[in-house]
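J.: In case you want the letters, here they are:
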Amino acid sequence: MTVVLEVRDLQKSFGAVVAAKDINVTVQEHEIIGIIGANGAGKTTFVNMVTGYLKPTSGQIEFAGRNIRGLPPRDITCLGISRSFQVPQVFASESVFDNLLMAYAVADQTGLGLLSPLHDDARAVRVDSHLRRYQIAEYRDATASTLPQGTRKLLDIAMASVRKPTILMLDEPTSGISVEEKFDLMDIIMEALRQDQTTVLFIEHDMEIVERYVSRVLAFYQGEIICDAPTAEALVDPGVREFVIGEEYHRTRTNNGAGADAKS
Amino acid sequence: MRYVDKTVVGLSIAFLVLFCADFFMAEWVRFIGLQSLARGAVALGLLVLWRTGLVSFGHALYFGFGAYAAAMLTLLDYHDAFLLVFAGTLAAGILAFLLGFLLRRYRAIFFALLNMAFSMILYGVIVKTEELGSTDGFSVLAPTFLGYAPKGEAVQTTLFIFTLVFTYIITVGVHLYMKTTLGGMSMAVRENEIRLEYLGYSAEKVIHVKYVFSGLVAGFGGAIMALAIGQVDPDSMANWTVSGEFVFITILSGIGNVGATYIGALVFELIRTYAFEFAPQVWQFILGGSLLAIIMFLPDGIWSLVSRLRRPEKVKSP
Amino acid sequence: MKNVNMPGKATLVAAGLAAAVGLTASVAVAAETVVMAVPNFLTGAGAPAFGVPARNGAEVIIEAINKGSLPAPYDKSGKGLAGRQIEALYYDESGGGTKQVAEFRNKVQKQGVDLFVGFISSGTCAAITPVAEELKMLTIFPICGTPRIFEEINKTPKYVFRTMGHATADGVAEARYVMANMPDVKGYTGINQNYAWGQDSWRDFDLAMKQLMPDVPASDKAQWPKIFSGQYGTEISALMLSKEPLVHSSLWGGDLEAFIFQGSARGLFRKKKLLFSVADTSVYRLGKKAPAGAILGARGPYGIFAANVDTPLNNWFRKVYSDRYSTPPVGGSYQAAQGVLAAKHAYDKAAAANGGKFPSTDQVIAALEGSTFQGIAAKVHMNRSNGHQAATKHMIGVLEWDKEAGEPIMTKVTEFGPDCVMPPPGVNGTEWLKGGMKGAKC
Amino acid sequence: MQELIVILVDGLVFSSYLFMVAVGLTVIFGVMKILNVTHGSFYAFGAYMSATLIGIYYETDLPEFGGFVAIFLAAIIIGVVFGIVLERGLLRFLYHRDEHIIVLATFAMFLVLEDVLLMIWGTDPYFAYQPMALLESVDIAEMTFATYNLTLIALAVVVGLGLWLGLTQTKWGKLLLAVIFDREISQAMGINVTVVFLVTFVIGAIMGALGGAYIAPTISVSPGIGVEVIVLAFAVVVIGGMGSIPGAMIGALLVGISRAAAVHKFPEVELFVIYAIMAAVLALRPEGLFAPAQARKI
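Heads up: the sequence lines are chains A, B, C and D, in that order.
Using the working numbering, the first residue of the first sequence is number 38, and each one after it goes up by one.
Using the working numbering, the first residue of the second sequence is number 42, and each one after it goes up by one.
Using the working numbering, the first residue of the third sequence is number 112, and each one after it goes up by one.
Using the working numbering, the first residue of the fourth sequence is number 60, and each one after it goes up by one.
Rather than coming from a laboratory, the hints here were simulated on the basis of the structure.
It should be emphasised that the depicted structure is a prediction, and the values quoted were computed from it without experimental measurement.
Errors might be hidden in some of the hints.
What the hints assert, rightly or not - Example chain D residues on the side facing chain B (calculated, C-beta under 7 Å, incomplete):
{"hint": "1", "residue": "Leu94"}
{"hint": "2", "residue": "Gly148"}
{"hint": "3", "residue": "Glu158"}
{"hint": "4", "residue": "Val297"}
Even for Gly, the Cβ is constructed at its ideal location relative to N, Cα and C.
Chain A extracted, bound-state conformation (with noise of 0.2 Å):
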């Protein structure tokens, strides 16, 4: 096993605000990680702070052994880390077709490659076996904007992994999905991601979700990691379950898509 991500001592403060302090994680090839905690306790900062979005204050991040602290989104990406969003990022005025076909295009040109056409039928070919492979080919030609919540966000991680990255951090991947399609969702990701042995980050309120995906958990309390454990652990650890998995497993029962709506 080696080594993809290594983060030490990553800090994060907004003002007086500490967003994020001493997060180190070590994340092993073809690991699935989940990412608990309350709202607000840090863990869409992590993810933001890794994939680029935010400037740490101070550590380091480690991308197969090169510091990646401070690179832009698009330098990341093209590294290797993808990420999904809360509320989908797509080219909400342009069909579901499109949306694949650019993110294939800007995967595969660079420099004056960028000035062949943007639509070819190689190209045209792998986006429909992408749509099919995340089960969205009968919305191909669908406006992204009139999606379900459900394909929209099937639609931004398809995009997330169309450059086959070696990282990809899902955030909320569920979140605002009714209780009974979550299952068949995640299924689909993942399935999706084992054919590619991605290594798989993601941001997860539902507890059984992470019981049955995940094997190994980082939960977050207040910017910080209070546990790092594999699955079975870590769910029976006092602390995580006095500060995450307390009020959170209640709030996943009862209004978890009432609840995320308000948030996206």
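Given the coordinates of chain A, assemble chains B, C and D onto it according to the supplied hints.
T.: Leaving out everything else, chains B, C and D in the frame of chain A:
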């Protein structure tokens, strides 16, 4: 491509029609046509920016810069149209490239206004330069074309062909460019920069490219205008109201098709000419009124008329 | 962006063309009239000061010509231009040189204009000159000031005439007046709008002063307010702090009036001697508020300077104009009227030479070149630039308020002959100034 | 020393002028995110109306200071009439369109109103110097200043503070801030955004008209005065930070003082001062005075 590109065909036919028309057109019609081509070229640049989600209220900066660059060469006794227009275009392009590093950081109204600020600085510089005739500007002698020095009406006739050829090349070029990955990124920037960044490309780079292009064509339009009018002056080439006219034409034309910008420019010229002829006291009233009417009743510009002709369902708005 | 089908595009392009080409049909030249285009500022800041007075001045003369009711010396020459009625097209000069060139072409090629009498701004004239020559269109500039028209833009004009002295004459006349009336002035500064006319006016006055009064220093802090800015508080402070007692200004129209209101409220005109080169445009309007004691010019023997010229033509013009527009004619009115009279004079003279038949444009041009004709209040000598540039006498005086008459009047007026203020034929104005105004006959 | 004081006073007067010219624009942009070119028309119509009313007023032999009432009356009449007509008759149909389309619509409206102005008042200028003459002059550092111009400073301060307090301290102001913060949410919270917009636009229009109305006595009210103030107002608002009233004040001071210094020290550069500052501020502080749209929550 599997199919023949209808827009290219359309542009080519329009090109041929106008090319032949040049020989029987009434002089004033040709003159209006010439101006429409020049202004249309500028609007084409704005169209590319618009598809990227940006509007500039200051492209008179590049229009005027191109015009003055070309005109100043004539003061140094260079008169070849190819040289002058090339110089004007290039000069504006370089300026756009430099300012682009700052401007690509802005969006929306801020982008629009920062452009205006720079255009007004150029305006001030020209007004302050008595050597260049300040607000009077100075006149530009009739150009030669690779040694051929036409006289009288032939000047306009030749210049029209000259302009027509280049605008045709530029327009087809833009149309094809729009179909490339880089061209397509206009959509990506307009729709969602964050996603584009996380797909691995810089939105600012995309904007910078488009911006330089818009500067180049604006400079081209300016240089052509300088030769067509035989005069450059800041008020009709670098003032903010001129930038307003370009946006006017862009909106008039709509985002639908690259060829539309020239039709938009023509319509603009005709409205202004007739308002001026029939209502000298209230031509601004008519100009403004027709612009309002377009905004209210033809939100996608006159091109949407064409689109409606062929398919009843409304075209997608930008 | 969708591919759009050909027919749609073709029809549209064709329609555009057809529309345009079709309009060529509208070129209608009525056989028995002379179509005279009369462009002046009808909108914008130029309108009240120059444009509208000029338009009105031209209108009064044109209608009298058509009626044949002009007094002497034009009373015997019958109705119209060489017997043909004038069909006048008044239109707006606003919008900058480019737009005016376009409009000029339209008027010529689309509306079949026979001659132009108009254009106020030097910028427009500079832009129009080459086109007028290219289109072989008789064009009379009654007003615009820049010497560059015949000194740089076209040294050998055929179709373009200017029927009043150019800006150089103003600067020279002003400087000569200062030399004669303020021999021991300690220095001079200026406030001129930051655009071509303002810059030229200051340069010419400055050059003339340096020749005539070499040891009188010019300020290095002459003021350059943005044109149409309307706010002069800071400039006025600066002027009041400056040590130079004389202030040269070519402000006109709204800017001038604003400057006068703001200046008199602060006693500027008690503290400094002002020299206004075109203030006549506002004196009647300002009435009592006009700064008495200021030195005034009107770019020649026009407006208020012609108030007491007792000739039938002038008395008639002042009366008709005042009755009709309820204000006395100002410089622009006189200058525009003079331009129309030039056409009248040229057409009639050419017709006479042509055995009474209506003359060709070339014959009209031949008749006007180098000729001398009677303006409203002064003789006009077309004896510069191959007979295309006029020279007239010039007048400078001091503005006072006449209590009895209840109107502004000119006092201490000095007249300068044409050859005293205008460079001799074939001499570039600026070089003439720099060279010490050789050959000036005063 | 004297020059320094004079520069300061001149600067303050011109800053106040700039502020009065710009504040209406910034109010409207702040709440409605509309860059309102017709602002120039408000200014011009305000000036003409004020000149007309003052003219009528001084025909009568009522007490002279009453002329000032005419000024504010003019501003209110123009502001209310144009504000309501334009917002209800034009803008409300455009709120869903791109912001630059709205800018262009107001530009078109401005062109139309320029000619309407001519139709109503003709091309001859109007004078209304009586109020300025009435207040005569005062001496500061052996320099005579027109008292009327100094009152402009007071007016600017009053208007500035008034708007700022009104915005931060009153219930209405808090509503506005809510709308500024998030149009949708405030709608959801039951704030009547339609009314808020109408009122804001009217206030902005009154401010624009007041600028013209109060300047009228110092100038010759003639065609073209509207177009001159537009770019000026844009520049000030942009320098200060769009939509911020303190910003407009800072911007006006920055430009006003620097311009005064330029006129006294290097008259040649007067023309550039404002745009140079504008470009410099934007170039050096892209996220500062001039904050771009914040990063979205992702």
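J.: The structure should be examined with respect to each hint, and the outcome stated for every one.
T.: Hint-by-hint comparison with the structure:
1. Leu94: holds (6 Å)
2. Gly148: violated (11 Å)
3. Glu158: holds (6 Å)
4. Val297: holds (5 Å)
In terms of the numbered hints stated before, the structure departs from hint 2 and from no other.
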